[in-house]
Each structure stands twice: as structure tokens, then as C-alpha cells.
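Chemist: Sequence order for the protein chains is A and B.
Going by the numbering used here, the final residue of the first sequence carries number 119, and the count climbs one at a time with no gaps.
Going by the numbering used here, the final residue of the second sequence carries number 764, and the count climbs one at a time with no gaps.
FYI, nobody ran anything at the bench for these hints, they're computed from the structure.
Please note that a few of the clues may not be correct.
Unchecked claim - List time: in silico BS3-like cross-link candidates among lysine-lysine, alpha-carbon distance up to 30 Å:
1. K53(A) / K707(B)
2. K114(A) / K668(B)
3. K721(B) / K668(B)
4. K73(A) / K106(A)
Claimed, not checked - On the chain B side, residues computed to face chain A include the following (Cβ under 8 Å):
5. P658
6. Y660
7. L691
8. F740
9. N750
10. G758
Even for Gly, the Cβ is constructed at its ideal location relative to N, Cα and C.
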Amino acid sequence: AQSVAQPEDQVNVAEGNPLTVKCTYSVSGNPYLFWYVQYPNRGLQFLLKYITGDNLVKGSYGFEAEFNKSQTSFHLKKPSALVSDSALYFCAVRDGTGGYQKVTFGIGTKLQVIP
Amino acid sequence: EAQVTQNPRYLITVTGKKLTVTCSQNMNHEYMSWYRQDPGLGLRQIYYSMNVEVTDKGDVPEGYKVSRKEKRNFPLILESPSPNQTSLYFCASRQGIISNQPQHFGDGTRLSIL
């Protein structure tokens with residue numbers, strides 16, 4: 005079985021400071037990892053993904069994430085937070101081995117950027 | 651504009667009254683999926699479809715039905731809704747069957763079952 009853990013329900017950060025939203029995962033095979041963002045009254049929007057290759061992936065709106073195989077983590081980061089980054093963030097994992105289709109989402113982390 | 655469209659966006663109804671939530675995508679995607687979002691539980695997959703006439707259960711399929719008669723449409727059917735199906739529902743689509751592409755989500759349907 006595959007799983008995703010987002011250990012923080014909420015992360016508060018001051019505008020201009022770096023932010024990190026944590027994610028750890030568990031899959032049997034090769035992980036496909038995704039971050040999505042959800043703004044109020046909207047669906048999830050794709051931010052970035054890790055499939056293979058460079059462990060540091062860059063995505064939309066200045067976000068990046070670092071894949072760490074030994075720690076089975078895929079933390080989302082941004083060097084300088086904006087108030088407009090305040091939203092709900094979801095980490096997701098899919099087992100990329102053998103055409104397995106199921107995607108498992110974390111419970112979400114609410115990011116609050118304080119002006 | 652590439653999009654996934656869900657209707658209705660909001661619905662309040664009563665126990666036992668059959669309802670259908672429609673989902674349509676204009677990207678010619680093979681893969682489509684339904685999720686429900688509940689506080690503290692995140693997104694849980696209800697059903698998914700890898701192509702026309704090919705559907706399969708996700709994590710929480712009980713009480714739901716789906717059909718995929720056309721590639722662009724993937725309706726979610728609640729034959730006899732109950733209060734525990736009150737939730738926020740999302741339809742999503744993805745290019746390719748065996749694919750590392752991300753999913754595109756609709757804006758959600760908030761269902762309240764009284």
C-alpha cells in the first residue's frame with residue numbers, strides 16, 4: 005500500500021521569509037511525487053512533480069521541492085514567501101512501477117503567510 | 651481554454667433522492683477520476699476511468715456509481731444519497747493511461763445531503 009504524510013496541519017510564515025511544507029511518502033516501487041495547491045473555492049492546481057533525475061525540481065510561482073530517497077521525503081520550499089501564497093497544499097504519490105494507476109493524496113497543509 | 655467542468659457547483663438535497671454530478675473535460679484525456687475532500691482526511695479517490703467503458707473502484711466507492719460512455723464525460727451518480735456523502739467533490743483528468751503527467755481538476759461540487 006502507498007501512503008503520504010503531511011505532518012503539519014498548518015504552517016505560519018512571515019512574508020519574505022523562506023517557507024517549507026513537509027511531505028513524506030511510502031510506496032513499493034518508484035515514486036512519482038506531486039505537489040498541488042488549492043485556493044478557496046477552487047480545484048487543485050499542479051505546482052511541480054518529481055519523476056526521475058535531478059532531486060531538486062522547480063515548479064510554478066517560484067516553488068521548488070527536494071526529493072530525498074533515503075528519508076522518503078519530498079518537502080516543498082520557497083525562498084521568499086508572499087501573502088498570495090496562502091493556500092492549502094497537497095502532496096501526492098503514485099507508484100510508477102507497472103502502470104499502477106492509483107494516486108494517494110496527503111491530508112493537506114494550510115499555509116498562512118503573515119504580512 | 652483547457653478545463654474540467656463540473657456541474658452543479660453547489661447542491662442541497664435530501665436523503666434518498668437520486669442525483670448526478672456531471673464532469674466534462676475538453677483536453678481529450680484518457681484518464682478521469684472522482685475524489686471527495688473531507689476535513690482531516692484530504693482527498694480520497696472514489697472511482698477512476700482509464701478510457702471509454704473502462705472504470706474501476708478507488709478507495710471509497712460505496713454508494714457511488716460512474717459511467718464513461720464518451721471520452722470527455724465522466725458523471726458521478728448517487729443512487730440513494732445519505733448524509734455521510736455530504737462532502738466536496740472533485741473531478742480530475744490526466745493525459746495518458748500509463749503516465750507521469752499531473753491531473754487537471756475541476757473547481758469542485760459541494761454536496762449537502764439532509
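Chemist: If a hint holds in the structure, say so; if it does not, say that too.
Modeler: Here is how each hint holds up against the structure:
no., hint, result
1, K53(A) / K707(B), "holds (25 Å)"
2, K114(A) / K668(B), "violated (34 Å)"
3, K721(B) / K668(B), "holds (24 Å)"
4, K73(A) / K106(A), "holds (20 Å)"
5, P658, "violated (14 Å)"
6, Y660, "violated (10 Å)"
7, L691, "holds (6 Å)"
8, F740, "holds (6 Å)"
9, N750, "holds (5 Å)"
10, G758, "holds (6 Å)"
When held up to the earlier numbered hints, the structure conflicts with 2, 5, 6 and fits the remainder.
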